[in-house]
Structures are given as C-alpha cells and as structure tokens.
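Peer 1: From first to last, the protein sequence lines are chains A and B.
Numbered per my numbering, the first sequence spans residues 0 to 280.
Numbered per my numbering, the second sequence spans residues 0 to 280.
It should be emphasised that the hints constitute simulated quantities derived from the structure, not laboratory data.
Note that this is a predicted model, so its numbers are computed, not measured.
Errors might be hidden in some of the hints.
No distinction is drawn between identical chains; accordingly, a pair holds when it is met within one copy or between any pair of copies.
As the list claims (entries may be wrong) - Result set (SDA-like, lysine to any residue): computed pairs, CA atoms no more than 20 Å apart in a straight line:
id, residue 1, residue 2
1, Lys173, Asp5
2, Lys26, Leu4
3, Lys142, Asp132
4, Lys231, Pro174
5, Lys258, Asn12
6, Lys26, Arg40
7, Lys27, Thr37
8, Lys142, Gly249
9, Lys92, Asn126
There are 2 protein chains.
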Amino acid sequence: MRTYLDCIPCFFNQALRAGRMVTRDEKKLKSLLDEVGTILRDIPVENTPPETGMLIYDKVSKITGEYDPYKKVKEKNISQALDLYPSLKNEIKNSDDRLLTAIRLAIAGNVIDFGVNKKFDIEEEINVVLKKDFSIFDYDKFKHHLGKTDEILYIGDNAGESVFDRILIEEIKKPVTYVVREIPVINDVTREDAIQAGVDKVARILSSGTRAPGTVLETCNAEFMQLYRKSKFIISKGQGNYEGLSEEKGPVFFLLKAKCWVIANDIGVSEGDIVLKGINI
Amino acid sequence: MRTYLDCIPCFFNQALRAGRMVTRDEKKLKSLLDEVGTILRDIPVENTPPETGMLIYDKVSKITGEYDPYKKVKEKNISQALDLYPSLKNEIKNSDDRLLTAIRLAIAGNVIDFGVNKKFDIEEEINVVLKKDFSIFDYDKFKHHLGKTDEILYIGDNAGESVFDRILIEEIKKPVTYVVREIPVINDVTREDAIQAGVDKVARILSSGTRAPGTVLETCNAEFMQLYRKSKFIISKGQGNYEGLSEEKGPVFFLLKAKCWVIANDIGVSEGDIVLKGINI
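The whole structure should be built from the sequences, with the hints applied where relevant.
Peer 2: Shown next, in the form of structure tokens:
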C-alpha cells in the first residue's frame, strides 16, 4: 500500500507518542517532530507507510537515546495475554469450529497496537471479535489451501498479539515458521518477545531482517526472502504487514482488524471491520 | 495559549483539509505538507497556534492558488444559519432567561468550524447546547459587568456562527463593535460574511486586521488595538480567539465549546464542554 496523504499527520502523532514513551523533555520532542518534518519532504508517496515508519522510529531512538521505547509496555502486554491463555484455550475447546475461533482470537489480539492512536481493552475486544461478522471472509479458501500445504510462513505483528498467534499456530497443526522484526520498532514482535510469549514452543522463529514496522520486502534478509518466495501459504497479521505486502506477489492471507480508516479504505472495508483476505491464491 | 506539541500533527491535518477544499492534485497537496513540515521547525512552541495557522493558510493559498478555499462552504453555512434565524428568535422569545439562551445559542453556533477535525450537525448541536451544563459559568459576572458597560467589543470567530452572534447582540441591547478577520482564513468570519449574516444591522463591523485564524494581538491593526486596550467588556468567541487572547490583558469573556482536547486541557475542562469564562474582570 502506498502512503496516503492522510498518513502524514499520523506519522507526527506516532513520533510524538513514541517519543513520550521515553521522555517528557519538550525540547527533545519538538526537535523530534522537526526532524520528522524534514525527512518527510524527501519521502515519495509511492513508498509504503512502514518504510517511513522505519525512518521515524530510527529518529525516535536517536533523539531520545532509547532503543526500545515500548519495552516495558510490550512485556506487560505479553504477560497480560499469557494470563488470558488458559481461558482462550478453553474458548477454543468449547467452540464448534476450533480453527475459526483461533483465527478470530488471532485477530482480536491484533488490537494490541501502539502504532494506532486508540486505546484498547483486550478482553472486551475478544468478546466483540468472537461474534463479529467478517467484511472479507476467505475462510473456505484458507481451509482448502491449508489442507494442501506442508509448511506455513506466519508473519507476526505486535508483541502481545504473539500469544494469540501461538494459539492459532497450535490449531494449525502443521510446521510453522513465525516471522518477527529484526529490532524493536513500536511494539512490534521481536524474537525475544516471541520467546516470552511461548511461540518458540510451537514454531520456528525467524527474523525477517526488517527494521520497519511492517514487512517491507526490500528491507528483509536473504533467509526470509528465500522462504517467502517459495512459500505456498503465508499468514500476514495486522496493518503494518498488510501495508508492506498488499501489492507484492506471494500467496498471502491477511488477518487483521482495520484500525485506521485509510487502511480500511485501501482494503475496501470500513474502519473497525475484521478481515480474512487471501491474495494471489 | 502556547502551541502544544499535539497541535503539530493537527496543523498538518488542517493544511490537508484546507488544500483539499480546492484541489485533488496529490502532488500539490504533498508539496503543501512538505512546506508545512519545513516552516514548523522555525516556529517556537511559545507562539500561539493561530500564529502558525496564519503561516499554514498562507501556504495553502500560495500553493493551491486559491485565496478563499472555504468561500462556498461559508456561504452555505451562513445561508443555513439564516434559515434557522426565525426559529432561534422564537426559542429566545419562549425562554425564561433570554440573555442566557442567546449565549447558549452563540456557543452552539461555534460548532460551525472547519479548523477542527469533526463533522457537525448544527440543529442537533443547538438542542444539546440549550440543555447542557456549563463547565465554567461566569454568568453572574457577565450580567453584572454588562449592566455597567456602555459599549461592547465582540470578537467573532466563524462565518456561519456570526448569525448566532447577531442574535446575542440583539439581546445585549448596547452598542456593539463586531470584530472580523482581515482576510479569509479557514472559515473564519470576514466583513463580507458578517454583512451576509446581517450583523451590520445590529453592530458596527471592524476588522482586527489579523490574517490569523484567531486574535493574535501582534498581528492586529491600530484601530482595533486602540479599542481593545480601552474596552471594558470584550466577548471572545471560539477557540482561535481564546488561543490568541488567553494570556493577554483585557477584560474578556470567552464563549466557546472546547472542541479539541488540547484547548479543553488548557482551560481546565473536558473535550465537548461549554464555557463562559471571564478573565481580568
């Protein structure tokens, strides 16, 4: 997905929010916003938003001196999600369609996102998403292709969400490679976070090599690219990965909640909608 | 009021919104946002937001070639407000406290604002504001000082709102000078708009000389400044004028709805609250 002009004010909000995670020094924060203003003029709208996100969070780290502004928040989110784990497993056990319930839970977990300017209540979100109609629902395709596939490439999004991904992986019952970011960016999942969430117990963890808050292929490493190119079944979680991959080749199922109206509009749904959308299938 | 860091993303949203009133040319709009990004680094946070607003709307005019992006919108808002005029007068006629009802209506009219990123329904707003409790309610002071005053300086805000101001001026029953912006900026009221709204029938109209979307004294003309300095009773409508005047001298009553959380926070109320607040009284 290209950068929409409406993404630009949002970049400033994201920078300010990330900056405030580590400092209340107004001068530093102002200089952060000034820097973002300066780099934006050199960024073409053809770039995807996570490419710009990468530059912005790099500025956040340099100006605040903090490499991982969301570290504590991520730890807390993972720990809260782990507390929910037994009840989520129970939810699946009691459901008519275990795989679909696991997909719904994986989408509910996607609400744990600090790149978007919204507060969230994860338990409330779970109750909503378990009952909500999908706006795009390629579930039959998903099941059909899953049945034919030996290996799954599962691209994670946020740290706390990875506990919910683990639950879906447990239902998939096939070998899964779980893809994480190379370094901390916003509250996106890194190898360390995925291990804390217990994903290593159910999948092989692989860094895509990206420093962007989304899967921007040009920024990914050779190992990931090789796997991505040959993969027959890719699950992409969340907005950042959608932004990076929506116009790429590769058989991808996007699982997400459209949390911002710009992305909702790009997908062709409404803000707040939930989506299971397959491309190049 | 100084510029809060949260105003900065909002400046970009305002520029984009104003730019889109006149063009859909993405390149022009991107270059507008780039220019805003460039000027922001030279603007200290000590400046008031309307000082920056002035620079931004100047860029909008220069880049789009349109001097008055909100012209048609303003005409429509004034015309809609004039259609409501008889029923508003009737509302006052049937009220227990005519002056207070007129103040409430003047605040309801303040919702007609394109500087703020919200849609509005003026008739619904009127019904809400007629019943809503004030968060700051210096009404007794207002009445007391009004009784002792020979002349009122009434600083207008938005174009459509000026019809509602006219109704309050009709209830004040004292000589009023109604202050407008020097040139079109956002949908703020100019002399031409005030005349279209019929304010000239009940008050003398005076331009403050400012090109800012708010009363920034440094940008005002000598005639206004002389009147402002000697005035014993000033009514200031809306957020832009509050931002310019909140730390200035002068006996001012602010009549506004706190439409953005930053301003609400500066006043000490909640977003959406209505306020009748006197300073230096």
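Peer 1: So which of the earlier hints does this model not fit?
Peer 2: 1
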